[in-house]
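Add chain B to chain A, keeping to what the hints say.
Sequence lines, in order, name chains A and B. Each residue of the first sequence is one higher than the one before, starting from 702 at the first, in the working numbering. Each residue of the second sequence is one higher than the one before, starting from 702 at the first, in the working numbering.
Incorrect hints may appear among the rest.
As the list makes no split between identical chains, a pair holds if one copy fits it or if it spans any two.
Claimed, not checked - Lysine to aspartate or glutamate pairs mimicking EDC-like chemistry, simulated, CA-CA at most 16 Å apart: (1) Lys788 with Asp724; (2) Lys788 with Glu761; (3) Lys788 with Glu723; (4) Lys788 with Asp759.
Simulated from the structure, these hints should not be mistaken for lab results. These numbers were taken from a predicted model, which means no experiment stands behind them.
Number of protein chains: 2
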Amino acid sequence: MHPLTTALETRNFKLLKSLLTEDVRFTSPVSPTPYQGQQMTIAILTSATELLEGLHDDGEIVTADWHVLRFHARIGEHGLEGCHFLKFSASRQIQEMTTMMRPLPAATAFYEGMEAYRLRLTGEISVHPS
Amino acid sequence: MHPLTTALETRNFKLLKSLLTEDVRFTSPVSPTPYQGQQMTIAILTSATELLEGLHDDGEIVTADWHVLRFHARIGEHGLEGCHFLKFSASRQIQEMTTMMRPLPAATAFYEGMEAYRLRLTGEISVHPS
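Okay, chain A solo, but in the shape it has when bound (with noise of 0.2 Å):
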């Protein structure tokens, strides 16, 4: 596997943050702005391991421009596949980073469990317990 997928499925964050430059820009499949720097992509990816399972590589493509990685998991019931679309820094640390995942109940199922995370970390949801 991919030292980026090993990273995220063994939820090795010393190796994650390894492979990540300080300004990394994280580009991700649900937001429609991008996230800036390493600890911020570090928080979203963590966030992102509790949400998949058996994530493992569908293969790799690359050129001298651009390094693709494609990958599948399972979030709850759904299947689910995407891509990593992946620049490299001159230290071969990830520089860019775009995320894409099919299909779209996959998608949104990673969604809301994100936002639950999300709201979880911050003590949002405490305000409206059930």
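Same frame as chain A, but now just chain B:
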């Protein structure tokens, strides 16, 4: 632009047909299940051209095994970007096509537009006139 983008943007269905094998397998950004065959794939892509505006290429990534085509477009108020993973037949026609898109609000708008188009085509919407 890639011939596929040209065919979709200019709604040139003769060109589109010429680019696809008869038994092309199209895995859409929305539906979990792939579509099989030229006729179904053309029907889906034709509907997509009704919804997407300003379709343009964002570059191609080509290796011996894969052809990845990135694109952007607009759907209503949303900017959208996506990618096609293409596999070609010996006749250089598209044999497999997997499409993903982001961000989620744009993908959701795309799904809703496709559903509305499908209902209009099948006449189901006339059962519930506004």
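Check: Which hint numbers does the structure go against, in order from smallest to largest?
Finding: Per hint list: zero violations.
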